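Novice: Residue-level listing of the chains:
There are 2 protein chains.
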Amino acid sequence: MNKNKPLILVTNDDGITAPGIRALIEVMKEIGDVVVVAPDSPQSGMGHAITISDTLFCDKITLKEDDNHKEYSCSGTPADCVKIGTQEILNRKPDLCVSGINHGSNSSINVIYSGTMSAAVEAGVEGIPAIGFSLLDYSLNADFSPCKKYVKSITQEVLKNGLPKGVVLNVNFPKLEASKIKGTKICKQADAHWEEEFDKRTNPQGRDYYWLTGNFINNDTSEKTDEWALANGFVSIVPVQFDLTAHHFLKDLNSWDLNE
Amino acid sequence: MNKNKPLILVTNDDGITAPGIRALIEVMKEIGDVVVVAPDSPQSGMGHAITISDTLFCDKITLKEDDNHKEYSCSGTPADCVKIGTQEILNRKPDLCVSGINHGSNSSINVIYSGTMSAAVEAGVEGIPAIGFSLLDYSLNADFSPCKKYVKSITQEVLKNGLPKGVVLNVNFPKLEASKIKGTKICKQADAHWEEEFDKRTNPQGRDYYWLTGNFINNDTSEKTDEWALANGFVSIVPVQFDLTAHHFLKDLNSWDLNE
Numbered sequence: 001m002n003k004n005k006p007l008i009l010v011t012n013d014d015g016i017t018a019p020g021i022r023a024l025i026e027v028m029k030e031i032g033d034v035v036v037v038a039p040d041s042p043q044s045g046m047g048h049a050i051t052i053s054d055t056l057f058c059d060k061i062t063l064k065e066d067d068n069h070k071e072y073s074c075s076g077t078p079a080d081c082v083k084i085g086t087q088e089i090l091n092r093k094p095d096l097c098v099s100g101i102n103h104g105s106n107s108s109i110n111v112i113y114s115g116t117m118s119a120a121v122e123a124g125v126e127g128i129p130a131i132g133f134s135l136l137d138y139s140l141n142a143d144f145s146p147c148k149k150y151v152k153s154i155t156q157e158v159l160k161n162g163l164p165k166g167v168v169l170n171v172n173f174p175k176l177e178a179s180k181i182k183g184t185k186i187c188k189q190a191d192a193h194w195e196e197e198f199d200k201r202t203n204p205q206g207r208d209y210y211w212l213t214g215n216f217i218n219n220d221t222s223e224k225t226d227e228w229a230l231a232n233g234f235v236s237i238v239p240v241q242f243d244l245t246a247h248h249f250l251k252d253l254n255s256w257d258l259n260e
Numbered sequence: 001m002n003k004n005k006p007l008i009l010v011t012n013d014d015g016i017t018a019p020g021i022r023a024l025i026e027v028m029k030e031i032g033d034v035v036v037v038a039p040d041s042p043q044s045g046m047g048h049a050i051t052i053s054d055t056l057f058c059d060k061i062t063l064k065e066d067d068n069h070k071e072y073s074c075s076g077t078p079a080d081c082v083k084i085g086t087q088e089i090l091n092r093k094p095d096l097c098v099s100g101i102n103h104g105s106n107s108s109i110n111v112i113y114s115g116t117m118s119a120a121v122e123a124g125v126e127g128i129p130a131i132g133f134s135l136l137d138y139s140l141n142a143d144f145s146p147c148k149k150y151v152k153s154i155t156q157e158v159l160k161n162g163l164p165k166g167v168v169l170n171v172n173f174p175k176l177e178a179s180k181i182k183g184t185k186i187c188k189q190a191d192a193h194w195e196e197e198f199d200k201r202t203n204p205q206g207r208d209y210y211w212l213t214g215n216f217i218n219n220d221t222s223e224k225t226d227e228w229a230l231a232n233g234f235v236s237i238v239p240v241q242f243d244l245t246a247h248h249f250l251k252d253l254n255s256w257d258l259n260e
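Here the protein sequences line up with chains Z and D, keeping their order.
The letter at position 253 of the first sequence is residue 253 when you use this note's numbering, and the numbering goes up by one with no holes.
The letter at position 197 of the second sequence is residue 197 when you use this note's numbering, and the numbering goes up by one with no holes.
Simulated from the structure, these hints should not be mistaken for laboratory data.
From a predicted model like this one, the values you see are computed outputs, not experimental measurements.
By construction, the Cβ of each residue, glycine as well, lies at the ideal position given by its N, Cα and C atoms.
Over the 12 Å line for every Cβ pair with chain Z, so calculated as not near, a few chain D residues:
hint	residue
1	5
2	29
3	63
4	67
5	137
6	139
7	141
8	176
9	177
10	179
11	232
Short derived list, chain D residues pointing at chain Z, Cβ under 7 Å:
hint	residue
12	47
13	49
14	83
15	111
16	112
17	113
18	125
19	184
20	210
21	241
22	243
23	246
24	250
25	256
26	259
The following residues of chain Z were derived to be distant from chain D, with all beta-carbon distances above 10 Å:
hint	residue
27	5
28	17
29	19
30	31
31	62
32	67
33	90
34	139
35	178
36	180
37	216
38	221
39	231
Can you build the whole structure from these sequences, using the hints too?
Specialist: Rendered as C-alpha cells:
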C-alpha cells in the first residue's frame with residue numbers, strides 16, 4: 001500500500017459479494033488504497049447493532065488479486081466491520097470510510113434502521129470522515145453505473161475538505177439513468193415514517209407468525225428534504241449527526257417538576 | 001382495560017423475564033393499563049435493528065394473572081416489539097411507551113447502540129410519547145428499587161405535559177442507594193466513545209475469532225452532560241431526537257463543489 005494515497009475502509013450491509021459494494025470498490029480504487037471489511041451475509045435492517053454476546057469471525061479472502069486492495073469477510077454487523085477493521089486489520093487510522101452502495105433507500109427515517117449508515121456513523125464516532133451511499137433500487141440487478149461519477153466527486157470533496165467532528169454524510173441516488181440525474185442537492189432528512197402492516201400466517205404446526213411489511217408515508221413536502229430531491233431527479237446529500245440531544249427542548253424540559 | 005386510565009406499552013431489550021422490566025411493570029401498573037410486548041431473549045446491542053428477512057413470533061403469555069396487565073413474548077428486536085405491539089396487539093394507540101429498565105448504561109454514545117432506546121425512538125416515530133430507562137448496573141441482581149420513584153414522577157410528567165413531536169426521553173440512573181441520589185438533571189449527550197479492544201482467540205479447529213471488548217473514553221467534562229450528572233449522583237434525562245440532520249453544517253456543505 002502506498003503511503004501517499006488515501007487509505008479507504010469500505011463496508012456495506014448487503015454483504016461482501018453484493019453488486020453495490022463491488023461498484024463502490026471500483027470507484028475507491030481510482031482514489032486510494034482500499035481495504036474492504038464487510039459482512040459475510042446480508043445485514044439489512046440491522047440498525048446500529050453490534051455483536052457483544054457472540055464471537056466474531058473475520059477472514060481474509062481473495063475475490064480478485066490486486067496491489068492496492070485487500071478484502072476481509074466478517075461474521076458481524078456493519079458496525080462490527082468498522083470496529084474490527086480499524087482496530088484489528090488496518091495498521092493506521094483510515095483517511096475515509098465508505099459504506100454501500102446499498103441496494104435500497106436510506107433516505108428520510110430509513111437512516112435509523114440502516115446498517116449502511118450505522119457503519120458510516122460508527123466510523124464518524126471514531127473520528128474518521130465517512131459517507132454512506134444508497135441507490136433507490138432494491139434489485140440485485142440494480143444498475144450502479146450512473147452513481148459512480150457522483151460517488152467519486154463526493155468522495156474527493158470529503159477527502160479535500162474533511163467533515164466537521166460528529167458529522168457524516170448520507171447520500172442517496174434516485175433510480176434513474178445517468179442522463180436523467182440533475183446533480184446533487186444538500187438536504188435535510190424528510191419527516192416521514194413507515195406505516196407497518198404485519199402479514200399474519202400460521203405455520204404447519206398451527207402457531208401464528210408474522211412478516212413485517214409496510215407503506216412509506218411522507219407528508220413532509222418541503223423542497224429542502226431528501227425525499228423531494230430524490231423524487232425530482234437529484235442525488236440527495238444529508239449531513240448526519242450522532243449527538244441525538246434535542247437541544248431545542250432542553251429549556252422547556254428544565255421547567256418540568258420531575259422530582260416528586 | 002379501563003378507558004379512563006392511560007394505556008401504556010412496555011418493552012425492553014434484556015428480555016421479558018429480566019428483573020428490570022419487572023420493576024418497570026410494577027410502577028406502570030400504579031399509573032395505567034399495561035400491555036407488555038418484549039423480546040423472548042436478550043437483545044442488548046441490537047441498536048435500531050428490525051426483522052425484515054425472517055418471520056416473527058409473538059405469543060401471549062401469563063407470568064402473573066392480572067386485570068390491567070397483559071403480556072406478549074416476541075421473537076424479534078425491541079423495535080419489532082413496538083411495531084407489532086402497536087399494529088397487531090393493541091386496539092388503540094397507546095398513550096405512552098416505556099422501555100427498560102435496562103441493566104446497564106445507555107448514556108452518552110451508548111444511545112446509538114441501545115435496543116432500549118431504539119424501542120423508545122420507534123414509538124416516537126409513530127407519534128407515541130416514549131421514555132427509555134436504564135440503570136448503570138449490568139448485574140442481573142441489580143437493585144432497581146431506588147429508580148422507582150423517579151420512574152413514576154418522570155412518567156407522570158410526560159403523561160401530563162406530552163413531548164414535542166420528534167422527541168423522546170433517555171433516562172439513566174446512577175448505581176446508588178436511594179438516599180444518595182440527588183434528584184434529576186436535564187442533560188445533553190456527552191461527547192464520548194468506546195475504544196474497542198478485540199480479544200483474539202483460536203477455536204479448536206484452528207480458526208481465529210474475536211470477542212468485542214472496550215474502554216469507555218469520555219473527554220467531555222461539561223457539567224451539562226449526562227456523564228457528569230451520573231458521576232455526581234443525579235438521574236440524567238436527555239431529550240433525544242431522530243431527525244439526525246446536522247443542520248449546522250448545511251450551509252458549509254452547500255458551498256462544496258460536488259457535481260464534477
